[in-house]
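**Q** With the hints as constraints, model all of the structure from the sequences given.
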Amino acid sequence: MRPGRHQFASADGRTAALLLLGALVLTTTAALPPGAPRAALALPIALVLPGCALVAVLLRQERRDPALALAAGGIVSVAFYALVSLVLYGLGIRITVTSVILSVDVVVAGAATLLLLRPLHRRERDTQRTWALAAVASAAALAALLAVTAARVFVPPSPAPLGFSSLSFDGTWAQAQGAPQLAAGRRLRFAVRLGNETDRAQQYQLVASLGGRTWQTRTARLGSGRASTVGFDGVAPAGACSRRLSVVLFDGPPRRRLTSVTMQLRSAAPACLTSRSDA
Amino acid sequence: VTLPMNVALPVPLTGHRVAAQLRVRTSGALVVWLGAVVGSLLLAYSVAYAGGRADTDQLHFHLFWAGELAFFVPALVWLLRPATGRGARVAIVAATGAFDYLPKYFRDPTYPLFHDELLHSRQLAHVVATGAPFQPSPTLAIVRFFPGLHTATAALEQATGAPAWVTQTALLLALHVIALVGVFLFAEEITRSARIGGLAAFAYALNPSFLFFDTQFAYESLGVVFFIWVLVALVKAERAPRPAVAAGWVALGVMLGAASVITHHMSSYVIGLTLLVAAATAIGTRARRRTVLVALLLATALTAAVSGWTLFVASGVVDYLSPHIGGGIGQLMRLVAHEQQQTHTLFAHSTAPAYEQWAGRLAQVIVFGVAVFAVRSLLGLRARSIAVSGLLVFSVLYFASLPFMYTSAGNEGARRSWAFTYLGVAVLLGLAGDRVSRIDRGRLVIRAATAAAVVVGTIVLVGNVAAGINAYYRFPGPASTRSEVRTVTPELRAAAAWLKQTQAAPRRILADEFSSPALAFFGDAFPATPSAGFPTWQVYLSTHRLPPRLEGELRSARYSIVVANAMIPLSRRFYSTVDEVGASSRGGTSVAIARFDRSPWLLKLYGSDKLAIYRIDFDALQAWLAGQRQPSERRG
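Taken in order, these protein sequences are the chains called A and B. Note that the working numbering has the first sequence beginning at 1, numbered continuously upward. Note that the working numbering has the second sequence beginning at 280, numbered continuously upward.
Hints were generated in silico from the structure; no laboratory data involved. Where is the CB? At the ideal position from N, CA and C, for every residue including glycine. Careful: at least some of the hints might be erroneous.
Examples of chain A residues toward chain B, derived with CB under 8 Å [to be verified]:
1) Pro34
2) Gly35
3) Arg38
4) Ala42
5) Leu58
6) Gln61
7) Ala67
8) Ala82
9) Leu83
10) Ile95
11) Ser165
12) Ala179
13) Glu197
14) Ser224
**A** Set out below in structure tokens:
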């Protein structure tokens with residue numbers, strides 16, 4: 001074997017070994033449950049692996065320019081994932097951990113085989129400019145590290161806090177498709193969910209009215225960022241066929257109306273049912 | 280023998296000289312890295328400051344630019360130095376890509392916020408959930424047929440187990456770096472100069488879309504990178520030393536072009552047109568056989584792919600794009616004819632400091648002047664690559680797009696075109712920068728020229744960012760309807776979360792145009808798309824009666840939830856996707872909430888300070904409509 005040929009072959013061998021190692025790590029980590037350690041290990045590999053495998057085969061001579069090889073590997077990887085997903089869809093296969101990892105493994109194995117078996121015709125210098133690669137990698141890594149550190153230190157987790165209170169029906173009434181029926185003299189029982197997203201503890205008052213008349217009142221004290229369920233339970237007085245139930249939320253002092261929830265109640269009285277069916 | 284421009288003549292090195300060079304290199308690299316560290320912290324602090332001060336002063340703008348310039352100035356000075364090596368230039372270009380991702384990252388580090396990224400993030404969530412592309416989108420129907428970004432991210436998410444937002448962020452960061460390295464390689468290949476390559480890549484990073492628009496998780500952000508790399512493949516294949524290398528680049532070019540076709544309509548059309556122009560140039564200028572073959576192969580493959588996809592998969596794209604293009608041209612014509620209806624004023628209601636606004640107006644003039652200064656150098660490169668003619672066309676198109684900024688229909692399209700057309704401008708700026716860096720008339724003149732280049736670069740950077748995106752997008756602050764992002768409040772997200780927790784899928788809702796993307800993403804809801812045939816705005820705006828036909832359509836399409844956001848003005852502009860001339864505001868949506876609270880056919884299930892969620896009781900609505908009809912019939 002000529003010296004140049006040997007050098008080139010060994011460079012191909014090293015590239016193939018590196019690609020296979022990457023595929024092995026990616027495949028092994030896929031068995032781990034999703035989480036930060038798996039993501040930290042697998043994401044940088046997955047971002048470049050299939051692309052680097054294709055670039056290594058299609059542009060063997062460009063290995064002398066690591067910046068090009070790495071950047072091309074990145075964009076070709078993204079193109080590979082986009083196109084392979086479409087192919088999988090065409091074959092009726094869903095995008096899952098197994099299908100994606102297997103696709104990557106097939107491409108990497110194919111590329112490694114080609115690199116090792118393809119006949120060599122030319123002598124090439126194996127001048128890896130590792131310093132350039134290291135510079136690019138460290139630039140990216142440092143920038144990413146800076147971003148994360150600075151974000152964790154300075155940037156608040158959400159935009160400027162805008163305090164608000166919320167009120168909603170709880171349980172089945174939250175999913176009500178229409179007005180519930182209520183028989184005269186029967187117990188009316190429901191609950192509301194109250195949330196305090198202001199920056200301080202709040203004293204709330206909840207006033208439930210039936211047909212415009214105050215029916216029950218509740219008070220609740222909630223700490224900042226807390227939520228609580230408040231129940232209403234009592235006998236509903238007789239009234240019209242259709243009555244409006246409203247729960248109004250106040251804070252204070254001074255007393256201030258914040259919001260409300262409303263529900264239309266239909267009487268289960270036979271006369272009301274008849275009139276409804278007529279309508 | 281002619282030497283490439285970036286090759287310095289060998290000078291005998293003494294031990295003293297080597298030590299001096301090493302000192303310069305080390306200190307230069309240190310200054311750039313220090314600039315990156317200080318700049319990152321200042322950028323992050325500017326965002327935090329803006330969030331806490333609620334637009335009461337302008338210090339966050341000053342902090343932002345101090346942070347940007349802390350990196351920008353040493354990086355540009357280092358790129359202008361003739362002695363900087365190729366590896367260092369690549370490293371600075373890559374670091375610029377990463378650094379320029381930070382402003383957007385700090386703006387929303389934990390969840391998607393911008394309109395486009397909300398709708399694309401929802402697409403991603405549905406592709407991951409179903410494992411299949413082509414999921415319907417409630418807020419922008421056409422994205423369904425361009426699933427490249429969503430499927431690629433979904434595949435990455437599945438392969439790595441990383442959370443969706445982490446995967447999206449990592450991908451965008453990588454794309455930002457890859458884009459600039461691509462511009463570097465493209466310009467380097469054409470000019471045979473790493474110095475021009477570095478300066479062109481740096482100039483491309485000054486484009487108005489680079490800092491905020493191309494950093495969003497949206498299909499353009501990936502499409503633009505495909506565009507750049509297809510051009511890299513074209514020039515690399517054209518200038519490859521051997522046919523085998525050229526074939527490799529053509530194969531990669533076809534693959535990247537095919538991926539662009541399924542990713543983003545506009546990117547694939549620009550790629551297709553560029554390749555057709557390149558092929559025509561190759562044939563017209565009687566270029567060598569391999570160049571013609573490369574151009575024809577790439578152009579044929581990509582044109583076929585684009586045509587096939589548009590005809591058989593995404594035929595609705597013509598209807599989607601034509602109003603933007605046609606409307607913009609029409610408005611521009613009216614603008615020229617002094618019929619100034621529906622114009623768009625730069626910096627209208629802007630909270631940006633005066634220097635940003637001045638830079639915004641000055642930047643394009645400066646860029647034009649520098650481009651004219653460098654155009655002769657570019658014309659001199661025409662023999663080197665068929666892509667040079669394309670760059671000239673891009674530059675002309677960039678300047679031609681600027682008047683569209685003054686039209687309401689065309690300014691969006693103009694902004695979106697810059698990521699492509701600025702490539703031509705960037706190479707021109709790179710050539711001009713190279714001429715500055717080759718000045719050799721004493722230390723004082725060199726320093727003055729470098730300082731002038733830095734000042735020009737600073738004005739272009741500040742001006743382009745200021746003109747490209749308004750301050751409401753750039754910084755957090757109090758809720759405002761001047762931009763969609765400021766309406767994505769914790770209160771809206773809480774309401775969306777309640778919707779998702781309590782209501783069964785598919786959660787078909789009525790909502791305003793600003794709240795819809797956030798409700799679709801955070802609440803996994805399916806907001807209605809209003810149209811002339813489905814005038815959902817009448818639910819909010821009609822004070823008298825609803826058309827019975829609308830009731831029937833709402834019932835049959837199962838749109839049973841109404842979301843009302845008091846922050847949104849009660850104007851048709853916010854409730855209809857159809858642009859209405861002179862649609863007048865009738866106060867806030869709180870007026871509609873007060874009416875809804877009294878309505879017998881709406882059950883109010885959720886309420887907070889500014890938001891309300893109602894369920895339509897269709898039986899009650901029908902009875903109410905019948906009651907409304909009877910008096911009018913009696914009157915008739």
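**Q** Of the hints stated earlier, which fail here?
**A** 14
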